[in-house]
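With the hints as extra help, turn the sequences into a complete structure.
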Amino acid sequence: MNYHTLSILNRFGIILGFGDKTIEEVCVDKNVDVNFFLEILNTFVDKEYFPKKHLQTFSVMLITDYLQKTHQYYHQVKVPEIESLINDMVDTCYTQKENLILLKKFFNNYKKELLIHTEREENVVYPYTLSIEKAFNNPIFDSSIIELMNTYSIDIFKTEHDDIEEKLYDLKNIIIKYLPQPKDVRLCNKLIHELFILEQDINDHSIIEDKVLVPKIREMEKIIKDKFSK
Amino acid sequence: MQNIRIVIYSPSYIIRKGLASIIKKIQGIKNVISIDLHDELVEIINQSDFDFYILDSEINQQKDLIKILAKKINPEQLIFIINDVNYKSLPSNFKNTIHINDSQVEILENLNNLIGNTAKVQSKSDLPEEISKREADILKYIALGFSNKEIADKLFISAHTVVTHRKNITRKLGIKTAPGLTIYAILNNIIDINDTEKI
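Quick note, the sequences are listed as chains A and B, same order. First residue of the first sequence: 303, per the working numbering; consecutive thereafter. First residue of the second sequence: 33, per the working numbering; consecutive thereafter.
Hints in this document: simulated from the structure, not taken from any laboratory. Just so we're clear, the structure is a prediction, and the values are computed from it rather than from any experiment. Heads up, a few of these hints could be off.
Stated by the list, open to error - Stretches of chain A that chain B covers, calculated by requiring three or more beta carbons in the stretch to come under 8 Å of a beta carbon on chain B:
1. 401-408
2. 470-478
What the hints assert, rightly or not - Computed footprint of chain A on chain B; a stretch qualifies when at least three of its residues, placed anywhere within it, have a C-beta under 8 Å from a C-beta of chain A:
3. 197-210
4. 215-222
Beta carbons: idealized from backbone N, C-alpha and C, even for Gly.
Spelled out as structure tokens, the structure:
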């Protein structure tokens, strides 16, 4: 049992209390694609395991749906957790309140940045990839997709896709290396722990975008263009 | 030498995984990437920002790869995984090899030598990891929210020099973003908290 995978279960809408049911039974109950679920779980558990080619065989719908659920998990669970830890630290500290308020401000700005980043993906990038998939699967060629492809492409996404975890890396290092040790070590350790987890999770998330979604869409774009030129 | 980045390319899972686990024992290795796809190797070679490329000798059959390698990568950065059969077919300027039957100690010694050799050339990175007076000056301006160009003008140096200093500051402190550097500067009294809004 790897308890780090609990958050993955939530993302797929699987809630605990499933008794002795098999993974397959639970997935069928919740209308979850078993193979996709298992592959995501496996890449999460084993950092060396990342079957790009196989992951690319899943539909764009499945992939972007998972990515979107992961965004929700950040905004609804992880970020509030970290925020409340920082708030607790500010509240309980009397010796360096101003330093902690600084960290709080830093994280607050990060939160806004993360929101902009994920909203851009959800409003622009994922809908685009879904349109590409739809056009790709459609036996009748619809030339409107070419117009869309002239305004945006997955390579544009690739260049604009910035490292959203950089600031978390900074925050973690500042607390570990440079912040005078706060009185409440327990809170501080918990915060560092959460920052590590969020950073790693965002990292895993970006890898799925960059190594699975991007090459898959690029391939589809190419085939659509070829079709069009004929 | 520190922060060495290595790529391992082999179609064999056992070889990739095995070599990676041995290499991780070497000090100063920052990043080991294992790949098994031809296209991905091409992409990585084109970026050519790795220090060493450990390659399965089977790439000898792939003429396009050999061509790109010759063009992009210094032969001293290449290490080939050989066996008793295929070692003869390697081009003669590829001198660094790991034999498939080498023991762990042999592999480690071999790689340490290769890495040590380049360390003499790039001894720059052996300096103590404290920021210099000049870097502190630049850090101050970054923390105050000035752009590279503005800092260059203020200190009468080129923007390129500012970028180099910035890279060194980031490497030494482990802080990548400007707001992160601002917090560091405040914590270390390089600037005053009231001087900046940019966090």
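Comparing the hints with the structure gives:
| no. | hint | in the structure |
| --- | --- | --- |
| 1 | 401-408 | holds (count 5) |
| 2 | 470-478 | holds (count 5) |
| 3 | 197-210 | holds (count 5) |
| 4 | 215-222 | holds (count 5) |
Hint check: no violations occur; every hint is consistent with the structure.
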